[in-house]
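Chemist: In order, the protein sequences belong to chains A and B. Numbered according to my numbering, the first sequence spans residues 3 to 291. Numbered according to my numbering, the second sequence spans residues 27 to 331.
Partial list, derived from the structure: chain A residues whose beta carbon lies under 8 Å from chain B: (1) Ser74; (2) Ile79; (3) Thr86; (4) Leu90.
Bear in mind the hints are in silico, worked out from the structure with no lab data behind them. These figures come from a predicted structure and were not determined experimentally. Using N, Cα and C, we set each Cβ at its ideal position, and we do this for glycine too.
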Amino acid sequence: MAGSDSLRKVRDYIGSMPSLPTTVAKVLEVCNNPKTSPIDLDKVISLDPVLMGRVLKLINSAYYGLQNQITSLVRAIIMLGVNTVKNLALSTAVLDRLADKSGFRALNMEGFWRHCLGVGVVAKLIARKTGVDSQRLDEYFAAGLLHDIGKVPMNNVISDEYVRAMGLADRERIPLYLAEKRAIDTDHAEVGAMIAEAWHLDGPIADCIKYHHAVDVYEGKSRPILLAVIVANWYANREEVGFSGSLYPEKLNPALLDELGISRDWLESIDQAVAAEIEKASVFLKLKS
Amino acid sequence: MFSVKIWGDRGSMPVPGPDTVIFGGNTACLEIRCGKRLFIVDAGSGIRGLGDWLAKNELKNGPIKADIFLTHTHWDHIMGFPMFTPIYIPGTSLTIRGPVNFEDETLEQIIGNQLSYRYWPVRQDELAATIRYESLKETELDLGDGVTVHTKYLNHPVLCLGYRFEYEGKAIVTAYDHEPFVNLFPTDPSNPDYDEAIAEEGNRAAKEENERIEAFYRGADILVHDTQYTAKEYKANKVGWGHSSFEYAINAANRSGVKKLVLFHHDPNRGDTELQELELFYQGKLRGRTALSVEASREGSVYHA
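Take these sequences, add in the hints, and give me the full structure.
Modeler: Rendered as structure tokens:
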């Protein structure tokens with residue numbers, strides 16, 4: 003990756019990346035409430051990719067010295083307590099101070115949030131459908147929720163370049179990640195990998211962030227979860243669940259569906275379940291529908 | 027020698043007076059001796075008596091050197107620190123360890139800021155002792171001289187550690203402030219927030235954590251355990267307060283093959299008469315049914331591993 007000014011800005015931003023504006027008000031409301039229920043706490047963190055990533059980072063950091071990596075917020079809340087997790091969330095849900103507010107933002111954050119949530123929800127549905135151990139459902143959700151995290155700093159701190167990349171993708175009808183590479187000399191998977199490293203996320207979630215546009219070169223151990231995220235991403239783009247910024251995403255290789263063990267018919271049948279999950283989240287966050 | 031002496035066993039707040047003469051009114055402080063090494067668990071109001079005793083009896087043999095382990099930083103566990111005489115004696119060397127929540131100040135600030143003019147006439151900077159602070163997590167420490175300590179997160183509304191001291195093949199374990207882990211998420215399908223996967227994960231997490239807790243107690247020669255409430259009081263309205271019932275502590279100790287259970291962290295509202303009755307009641311229940319011996323902590327008592 004080139005060491006340009008833009009990339010240095012992105013790198014600096016990652017260290018203190020704020021919550022998404024879509025969720026921040028609810029995070030503050032839930033976490034400042036002394037009577038917050040564990041279920042609301044779980045919900046509000048699960049709905050924000052930045053917060054989810056940062057809270058998982060803190061829980062798994064050397065700070066707590068836990069022996070096993072924890073990818074389930076439910077478990078973290080039971081082990082460390084509502085207060086501890088609430089404070090982790092509050093301390094990470096800082097307001098967006100660093101972003102260049104004068105610059106035009108390429109991506110609509112609420113649309114982007116819906117896309118991330120949609121991919122998380124579908125990845126979890128695929129996990130359930132394909133008989134993944136119920137202990138790992140949260141991990142599938144988190145991997146889907148976080149797969150596009152690299153777009154957040156690109157959109158927020160190098161907005162002008164990002165607008166150019168999106169324009170290029172539209173004009174040439176190519177997937178956004180290819181246009182990013184041409185316009186900015188990096189892509190959201192690479193930036194996502196930097197974030198995963200900064201958050202000390204390794205294993206399946208980091209692999210999904212890094213390889214969701216590069217399954218052909220993937221040789222790691224987490225192929226099933228990666229495939230689930232790729233298929234979920236394709237589904238969310240095709241069904242226009244939110245907006246990922248990519249009007250011309252790559253086509254889906256049908257062999258991946260066979261490998262996962264799901265059919266197109268089944269994928270056609272989940273739209274109501276997906277819509278219901280996103281509706282529930284919107285109501286919780288008090289978004290205007 | 028491997029022993030624990032109780033300098034304070036009261037929960038929440040010191041309660042001096044005619045009702046707390048037998049079991050004592052000072053908040054948590056334990057003196058653990060492993061051969062020549064001195065370990066102190068918690069700096070509740072009980073640490074004042076220990077500090078004075080050390081100054082009077084041990085200073086003549088050379089400067090005081092001790093490792094203080096704080097279970098957590100709630101006030102009743104740190105409030106005695108400013109009255110711990112050795113901190114004012116040149117040559118004293120202390121290492122203070124304890125867990126600190128992510129969002130908090132450092133351990134040095136949390137403990138040391140009690141010594142600032144608004145609270146106390148002496149500032150931390152003016153202390154004569156050399157004090158080193160170290161924040162702790164779940165870990166195992168080799169303390170030298172054949173002593174190791176394992177730490178384990180307990181279930182309390184703030185980050186809180188249990189300590190398992192091992193020396194010459196024996197173990198003394200502290201498990202306060204603590205209540206058994208429970209699934210905090212709805213398990214009733216008729217609850218509008220019910221989610222099957224979350225309910226299952228919650229059940230599993232609570233069960234596994236409780237198993238890890240019992241593995242932590244396993245085979246302890248002495249277990250000093252939180253028993254602030256009776257089961258009836260606990261169930262009535264104390265779930266989530268971070269304290270155990272007598273019944274839970276006794277059952278968990280029994281399942282873990284503990285030899286002696288010391289009932290600890292007495293409720294400030296529980297007088298001597300009631301504690302004596304409870305102690306006799308539980309001892310009677312256990313008589314002839316288990317090898318576990320149970321005793322309510324008394325200030326000044328010494329238990330040998």
